[in-house]
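Sequence order for the protein chains is A and B.
When you number the first sequence by my numbering, it's gap-free, plus one each residue, and the end is 481.
When you number the second sequence by my numbering, it's gap-free, plus one each residue, and the end is 481.
In short, the hints are calculated from the structure, not lab data.
Only a predicted model underlies this, so the values are computations on that prediction, with no experimental measurement involved.
A portion of the hints provided could be inaccurate.
As the list claims (entries may be wrong) - Cut-off 30 Å, straight-line C-alpha distance, at most; resulting in silico cross-link-like pairs (DSSO-like, lysine-lysine): (1) A/Lys45 to B/Lys374; (2) A/Lys124 to B/Lys308; (3) A/Lys44 to B/Lys142; (4) A/Lys81 to B/Lys96; (5) A/Lys45 to B/Lys96; (6) A/Lys97 to B/Lys142; (7) B/Lys319 to A/Lys129; (8) B/Lys96 to A/Lys433; (9) B/Lys240 to A/Lys332; (10) B/Lys335 to B/Lys2; (11) B/Lys44 to A/Lys319.
As the list claims (entries may be wrong) - For the chain B half of the interface with chain A, some residues (derived, Cβ under 10 Å), not all of them: (12) Asn35; (13) Pro37; (14) Glu51; (15) Lys57.
Cβ coordinates follow ideal geometry from the N, Cα and C atoms, glycine included.
Letter by letter, the chains look like this.
Protein chains: 2
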Amino acid sequence: MKNKKNDNFSEWFTEITQEAELCDLRGNIKGFIVNMPWAVITMKKMYALYEAELERKGHKPALFPSLIPESFLAVEEEHVKGFVPEVFWVTHAGDKKLEEKMAMRPTSETIMYKLYSLWVQGLKDLPIKIYQSCPMWRCETKATRPFIRGREVWWIEAHDVFATKEQAEQQVREDMETTETIMHQQFGIPFVFFQRPQWDKFPGAEDTYAADCLMPDGKIIQQPSTHMLGQRFSKAFDIKYLDAEGKQQYAWQTCYGPAIWRIYASIVSQHGDDKGLILPFALAPVQIIIVPIYKKENEMIVRDKCYKIKQILSQSNFKIESDFSEETPGAKFYKWEMKGVPIRIEIGEKEATSGKLTLVRRDSGTKEQVDEGKLIERIQELEEIIRKNLVSKADEYFRSKFFKASTKDELKEQLKKGGFVRIPFCTIEMEGKECADYVKAETIADIRGVPFDSKEKPSPNEVCIHCGKPANVYVYAGKQY
Amino acid sequence: MKNKKNDNFSEWFTEITQEAELCDLRGNIKGFIVNMPWAVITMKKMYALYEAELERKGHKPALFPSLIPESFLAVEEEHVKGFVPEVFWVTHAGDKKLEEKMAMRPTSETIMYKLYSLWVQGLKDLPIKIYQSCPMWRCETKATRPFIRGREVWWIEAHDVFATKEQAEQQVREDMETTETIMHQQFGIPFVFFQRPQWDKFPGAEDTYAADCLMPDGKIIQQPSTHMLGQRFSKAFDIKYLDAEGKQQYAWQTCYGPAIWRIYASIVSQHGDDKGLILPFALAPVQIIIVPIYKKENEMIVRDKCYKIKQILSQSNFKIESDFSEETPGAKFYKWEMKGVPIRIEIGEKEATSGKLTLVRRDSGTKEQVDEGKLIERIQELEEIIRKNLVSKADEYFRSKFFKASTKDELKEQLKKGGFVRIPFCTIEMEGKECADYVKAETIADIRGVPFDSKEKPSPNEVCIHCGKPANVYVYAGKQY
């Protein structure tokens, strides 16, 4: 690639989305991209893994309308204030003006909870655990970038209702575990869940816990967040149940929103290198590429062997292709490395006659000889080895990006390294907002909040990095996308 | 159920969508429904089967923007005329008016072909075979009904580009085969592909071939259609390639659009009975329901057996549940029959102690005894037996609904039976439209067109049912949804 990931990540990212054919921007509709097959196939696998895990934990899929009448949105005051500025409005059908304008779903609380209020009558109707996989639309005014920030985002939104606060809190933890199981262990994207400051919550939530991840340039990208909605929406939408004593109680709610489209940006960025994409085996559109290497005189035996190996492998569930195009072997290596195919099998005359095959791993570049009879078994092992390698490489980078500072000068210095900088801070309640604004103005750093379940506490003599009052919390600051 | 399918189908359909919990209409947004989990789980399985077949035949998934600028739509004249009257227009984002209004995708020709014109340069870029699974929106002005006609429809649209007319024609036939493999053989919905009259084509197509199916009331419902677009769009969008002689040639195009949401209406209607849904095994959200039948004194041995059987079955990929709710066994039978679960295993004291289990099929109502050790094997057999039974029942009904008429009086008489009535007709070219309009006005029947590849020809003395000129074709007429 022309651009180096560690020197100029931003250009590298743009280049890889084009060279690996992940998207096409020539539709020329600001914030909307054409998602190309190579990206969509991986996103479909991401959806499948995520959905299976949500279903294993009791969620069921539904599909709610994508158009939401204005009056629905208006029910919860903070929510409407938070979303209306970036809503796409449908005002006409054909040449007729609609009686009431409708929002293209920016998120589905208002339409879903209107129905939930009808579904929840008694304890027997709880819990509700429903998700939908669908696009959502927000007219982002900041610069848009493929997969990182756009106006159309394919995501999953899960909306759950419980009888008690404890159950809702338990769900928040479950959502974090799901993020760990899928996004970290399967996709190889490490994160920290931060309890966001009160001024940076999901509009309408009581508390927001957002998974912050890092890009290779050290900037923070927010991935799935899970929200303790408390009883705010249940009161606004009248979601209540008759308890065991026959009293009406408002329900407790949570929601969780992994944006598959955006997590894909993290996968591309985290694992890729200067040769192109590196994909976890489970997510690769092609998992094994067979590349024949032959001259005129041995073409037939090499071809025969390629067919035979493809035959053997097709007894497994692997996605295999063989590249018999006119290109040189070198050009083929280049192409499939760019595409991030996890395993390459090179077959030349030696392999065609010896019963041993040459496997090359994309993640590590290592070559190994494998007995033909042990091929499937070895690839099954490699799937897991590759997954673990990508996770541990990503973890190593992530862990190296936590720093500390006590003053704004130190903070500015540390921020140059990218990542997260721990600073002593007065409070993440609303009163802390002014300090956060000053910190942002002076350092460009956002206050991301307090790590979930963190036991770290400032010592009694530590003071807020801005106001100088006693520090109640350590917060983490960093530059965000 | 209160309503009988064969007496008052329309009410039966409304009742089953509520009793089996397929949708909720209380969002109260005209034409938009809440698709409930029981329907969505089946639709996801339908998507998976359809997508796998399309991919097996060389299609790849992509995702194009759901908002299409007005100027894109305007490129192909007939196309824009056909769709604009029912387009939902986005005119504002937040409180700002958009510079150019955008249509919520009513279908994606215009955005996809704009890109295709960039992708196709030479023969090496062909064929293109791409599909996307997504919602589309059309502001239907006719009465809307859940799954049958709505303003938001989840579908698949496949758009293909070829170098030659022959390849495009071959694709039209492939789309028909895909419909046969999936919609008929897997979903159990028989159809006939009709070449539509020229006045009833997809806007912008040269020829439309649409699969007409029947509802239990004998009315026709159009399911997937495949369109020979010819070179109309390639000329409008400038999709051309350099041929072997170095000359620029316009490409040939086809598109194919199975509406999963609408095919689901056919599945519900075709297979269901007066006890509720009947689902093909492959599409059922729960495939096997275990119902324990016990009294106080034998509760424990029955429960133990249920657990054990569930354990055994979970070694397979079957979706199994056991119903330990407080309801009576009768209430449980009723519930799971309503939901269309293909196989019920009843476990009472006899089954708990004898090593033999009682299986009840939903599709036929037949009971059978199965050795515990042969349970999985038998259920695997039943999956195929049930599929075949549903297909052959549906075929039998479908075949019984083809009639003939030579005069309008005969036609009116035959139309009372529902289904398709073959009539001699002047022509399905544009000149025939006037006759079709008269037939419609006098009989309420639509001219559906000529069956694809039909060899039937009127004899020389037969005349058009309306104008009395010599009949060139047999067309089929019927009442449509």
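Hint check:
For the hint linking A/Lys45 to B/Lys374, the alpha-carbon distance of about 34 Å lies beyond 30 Å, and the restraint is violated. For the suggested pair A/Lys124 and B/Lys308, the alpha carbons sit about 27 Å apart, so the restraint of at most 30 Å is met. Only pairs whose Cα atoms come within 30 Å are accepted, and A/Lys44 paired with B/Lys142 is rejected, the gap being roughly 35 Å. Note on A/Lys81 and B/Lys96: the hinted pairing holds, with a Cα-Cα distance of about 16 Å set against a maximum of 30 Å.
Simply put, A/Lys45 and B/Lys96 have alpha-carbon atoms about 37 Å apart, too far for the 30 Å limit, and the pair is violated. Restraint check: the Cα-Cα separation between A/Lys97 and B/Lys142 comes to about 17 Å, which is no more than 30 Å; the hinted pair holds. Proximity of B/Lys319 to A/Lys129 is assessed by CA-CA distance (about 19 Å); at most 30 Å being required, the pair is judged to hold. Restraint check for B/Lys96 and A/Lys433: the C-alpha separation of about 29 Å stays at or below 30 Å, so the hint holds.
Of the supplied pair hints, the one linking B/Lys240 and A/Lys332 holds, its CA atoms being roughly 27 Å apart against a limit of 30 Å. The straight-line distance between the Cα atoms of B/Lys335 and B/Lys2 is roughly 15 Å, inside the 30 Å bound, and the hint therefore holds. A distance of roughly 22 Å separates the Cα atoms of B/Lys44 and A/Lys319; the hinted pair therefore holds under the 30 Å criterion. With a cut of 10 Å, the hint placing B/Asn35 at the interface with chain A holds, because the nearest CB-to-CB distance is about 4 Å.
Because the smallest distance between the Cβ of B/Pro37 and any Cβ of chain A comes to about 4 Å, under 10 Å, the interface hint for this residue holds. This hint holds: B/Glu51 has a C-beta 8 Å from the nearest C-beta of chain A, less than the 10 Å allowed. With its C-beta approaching chain A no nearer than about 15 Å, B/Lys57 sits outside the 10 Å limit, and its interface hint is violated.
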